[in-house]
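Asker: Quick note, the sequences are listed as chains A and B, same order. Counting from 257, one number per residue, gives the positions in the first sequence under the working numbering. Counting from 5, one number per residue, gives the positions in the second sequence under the working numbering.
Simulated from the structure, these hints should not be mistaken for laboratory data. Take these hints with a grain of salt, some might be off.
Stated by the list, open to error - Calculated lysine-lysine pairs in the DSS-like style (CA-CA distance at most 25 Å, straight line):
| id | chain 1 | residue 1 | chain 2 | residue 2 |
| --- | --- | --- | --- | --- |
| 1 | B | K87 | B | K126 |
| 2 | A | K301 | A | K504 |
| 3 | A | K1023 | B | K246 |
| 4 | A | K1023 | B | K87 |
| 5 | A | K723 | B | K126 |
| 6 | A | K504 | A | K309 |
| 7 | A | K849 | A | K965 |
| 8 | A | K723 | A | K965 |
Because the structure is a prediction, the values reported are computed rather than measured.
Letter by letter, the chains look like this.
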Amino acid sequence: MLKVALKGLLARKLRTALTGFAVVIGVAFVAGTFVFTDTIDASFKDLFERASKGTDVSVQSRLAVEEDFATPPPMDPSTLERVQGVDGVAEAAGFVSADATLLDPDGEVITSGGPPTLLLSDGPERFDPFTYVEGGPPEGADEVVIDKATADEFGWHDGDTVTVAAREPQKQYTVSGIARLGDSDNLAGSRMVLMTLEEAQRVLREDGYHDISVAAASGTSPEELKSRIAAELGNGYTVRTGEEQAEKSAQDLSDALGFIRIALLVFAGVAVLVGGFLIFNTFSVTVAQRSREFALLRTLGASRRQIMNSVLAETLAIGIVASIVGIAFGLLLAPGLRALMAASGIDIGDTSVQLQTRTIIVSLLVGVVATVVSGFVPARRATRVQPVEAMREAVTPGARKVGRIRIAVALVIEAAGVALILFGLLGDPGPASATATVLGFGTLLMIFGLAVLAPTLVRPLSSLIGKPLQRPLGLAGQLARENATRQPQRTAVTASALMIGVALVVLVAIFAAGLRATIDQGIDDQVRAAGIVTHEDGFSPLPTGVTDRLADVDGVTAVSAIRFETGRLKGDTSNTGVTGVDTDTVRDVLTLKWEDGSDDVLGSLGSNGAAVNNEFAEEHDLAIGDSLTFTTPRGDEVSYEVRGIYDSAAGIVGGVLVSNASLESSWDADDIAFALVAGDGDPEAIKSGEETALAEFPTAKPQTIDDFKEEQNNQVNGLVGLIYGLLSLSVIVALLGIVNTLALSVFERTRELGMLRAVGMSRRQVKRMVRGESIITAFIGAILGTVLGIAFAALLSRPLADEGFVFEIPIGTLVAVAILALIAGVVAAIPPARRASRVDVLRAVTTE
Amino acid sequence: MTDTTSRPIVSTSELRRVYGEGETAVHALRGITTAFPSGQFAAIMGPSGSGKSTLMHLLAGLDRPTAGSVVVDDSELANLDDKALTRLRRDRLGFVFQAYNLVPVLTAEENILLPLTLAGRKPDRDWLTLLIDAVGLGDRLTHRPAELSGGQQQRVAVARALIHRPAVVFADEPTGNLDSKSSDEVLALLRQAADEFGQTVIMVTHDAHAASVADRIVVLSDGQIVHDGGGESTEGVLDLMKAVA
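So here's chain A without its partners, still in its complex pose (with noise of 0.2 Å):
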């Protein structure tokens, strides 16, 4: 039986690929994704063993408030002393390190999307991990060293000038050496520059380290170095051998990935499902014209479990083959998935590929899993045939009655699948995981409940898009659309592969309508100034300097800085973001809607007044005169009290607002986060006043609020077409499904399309007729996958709506949709039609 089985698969071995393909894609989606985060974490890991090389004991000071890829703060100068004292220090040196910008020839700010440029400060020998392609290290406070992918881009050389702006104003340098960290021409996708300590502190205004690095003397093991360190230093300081800080960093990199990873198994998971329903399609059609041959085999003595294992046979050789495939095609589909995530801005950097063996392994079970759970139900209907079909004319089965069970079950399904998201999103399932297994499993539930709905809904909806079709198509529309309505079944699984897709997209189109509506609106209704001063990647904190400068130009009324700072409230056991406004000006650039309280008590906030938006009031049982504390990252208790409560909405501030002057008393913060301007005239007059008066701080941006809304709104096309790419593969699986189900009921009716052939129906009439019902699937398609989609952005929007979040269809982008379903549908039926076209009549016709 198993000979039978893999006989059976080479003689039809264009179907075979054209099944198996599926399976490719989904798997080397699964096995890229692997491949793609395991080679990042890899080249990081290496790059931080690489730095941390001669240190025997790295120590940094202790952050009272854990916030991942937060610096810590610097240790005072008196520290490196008390470390250099300690008995079996060979060396001790102080390091700090920040966030610059470089700026290219033309004085443009150098901007990589990702991973900053990191400004490094250049210590002893004996801890300097770079290899130096040209020059060496910096020798005085005019000399950098670059590294070296970011040379050969600009193409700088030993001896040329680069400029530098940290948070001092930029200043011009000598290139003294070009550097390379172990085989990566840069830190795994970030620049580099490299100063003399003297100068780094002077630009980063620290007279103190970020990190000191320790070298131990011989005799002295890390481990023994690193407690008596410890014991020397106290409390306020973390210390860790080099190799556990190595690993703490790679550890915290490994985390940030680990959500980069689900996300994209996520969409390689909806690939996977995709390929599963084109299978289980396949399957059910080439078991439905073999019945014929099972009958005979059953009438030759075959037992239903050997048919049945045949069957399943045939479906793990599949599994198989396509999931190694799969595998070669994950190796690269890797570099597709960097480029694609560069292209929407996020760089991650160039490093070897890394293949590890869970990789296969999972790949493998992925693929075959889905293969053969996907073909379990078509084997099990090739038992049922019975012998006696075998003496009888091959007749393809007519369409199962679909009857009133199935439409009560679909609703069942459907129904649980709503109230598991419902759960999910509203009630309280815990933990971040839960929540996404509940969400996962409710999304599933109302795809298939869709998918067991739709052989009903085939018929109506292939006479609604089918009239259109007649008019131009004439008699060829007329069979396409009862040839669509004859399988129901069928033509519903085919659609309900592309239903997946379009659902998404719909999905993903209605929140990035809504959320760049929520935006706007968000800003529109609070902020007042003119323009806006924020850092050029949109997130660094910008130096305090950048506010006097602003006040200067002209138009200029008002300057109110904004900072962002993390803090723990006590008793929480998450940080909290607070927000910290310049009392004197922040009423002239923002406004709040009140529950309790007005814009006013924004202006008398003093050193101890706090307001927190309704959302944080409720979640901590506060009222006004009710009293917060809060721990900050350095460690210190400030405590404030509540003067306000406003509307919680989408928009520029967090929920707890404190006044400038406190976080920099209290918290000891430094950065503003941004700068909100007030003027009179013309807002890009009063921007092109700021961009002269800010030349000399090149990283700062100013902006009219329209570019910003701009901006805003352009990030969020920049994810949603990150996204579309990434559920473009599943798209293409669903459209090879709609060929392959028209391949095979092209097959299934060579007769037919004879007689058809043999009556006068020309060559072009048979296309149409074919394209026809390739078009009216893909729509039913897209009619279902739209409904579906505006579904769940309403489900998932329900807890947003409470923050403003605004709910909007966009006409346009299903209308994209509805023209790229007629696109689809022409072009899945060119091989189909083509092959119908060519029938040969003759043999089609001939009884003998």
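Given the structure of chain A, go ahead and fit chain B onto it with the hints provided.
Answerer: Only chain B this time, still in chain A's reference frame:
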């Protein structure tokens, strides 16, 4: 009775059809020269492998000869490309096959009108009514093939073959799948078409009883015509076949 005074509606000259080449070549037809006048009901017979179906396929423009010519209704088929051949079949020829004649998703009436719909022409209502009466399917017009018996399906096929008043009706074993009663009905229809409507019918069959309905019997054997004579009774046909077997 070959009527030499009327112009032949189908004629062939030295028609040959060879499949394959070299040693494995199969000579299905070895030089057939014959003509069919308008209004004649001819039966083409022969044992298995005689070439009768091949001959019909060539006459109907469903296949191209290896050598020789076929002229149908004054058109030399060799000069026609696929599009033109298709149009010829649509507008000037009618077909009844042994099985799979009808489009399953169309009603009986729609199936009958198929050649006209393909051509984008409207039916002559009177002619349609006449045909429907003749085939006796007035109450079955809205039914789909699956709801019709084998005999009824074949009768629909005959009506379809006649709706556009073709020059020739080709029937390939039209009674092959039918019981004797349905068989007789279909043959009677074809006979009626020839007698009342002046239709030329060329029928390929191995059934002696079916052949007895024809005006002319052509027998093929090994790719050549071995008998070409007038109508015979069923016994007469059987004798003919015995002679060639």
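Asker: For every hint, state whether the structure bears it out.
Answerer: To see whether the hints hold, each was checked on the structure:
Note on K87 of chain B and K126 of chain B: the hinted pairing holds, with a Cα-Cα distance of about 22 Å set against a maximum of 25 Å. Among the hinted pairs, K301 of chain A with K504 of chain A is consistent with the structure: their alpha-carbon atoms are about 10 Å apart, no more than 25 Å. For the hint linking K1023 of chain A to K246 of chain B, the alpha-carbon distance of about 47 Å lies beyond 25 Å, and the restraint is violated. A hinted pair counts as satisfied when its Cα atoms are at most 25 Å apart, and K1023 of chain A with K87 of chain B qualifies at roughly 14 Å.
Annotation: proposed proximity of K723 of chain A to K126 of chain B holds, straight-line Cα distance about 20 Å (limit 25 Å). About 15 Å separates the Cα atoms of K504 of chain A and K309 of chain A, which keeps this hinted pair within 25 Å; it holds. Of the pairs offered as hints, the one joining K849 of chain A and K965 of chain A holds, with about 20 Å between alpha carbons and a cut-off of 25 Å not exceeded. Distance restraint check for K723 of chain A and K965 of chain A: the Cα-Cα separation of roughly 44 Å exceeds the 25 Å cut-off, and the hinted pair is therefore not satisfied.
Violated hints, in rising order: 3, 8; the structure is consistent with all others.
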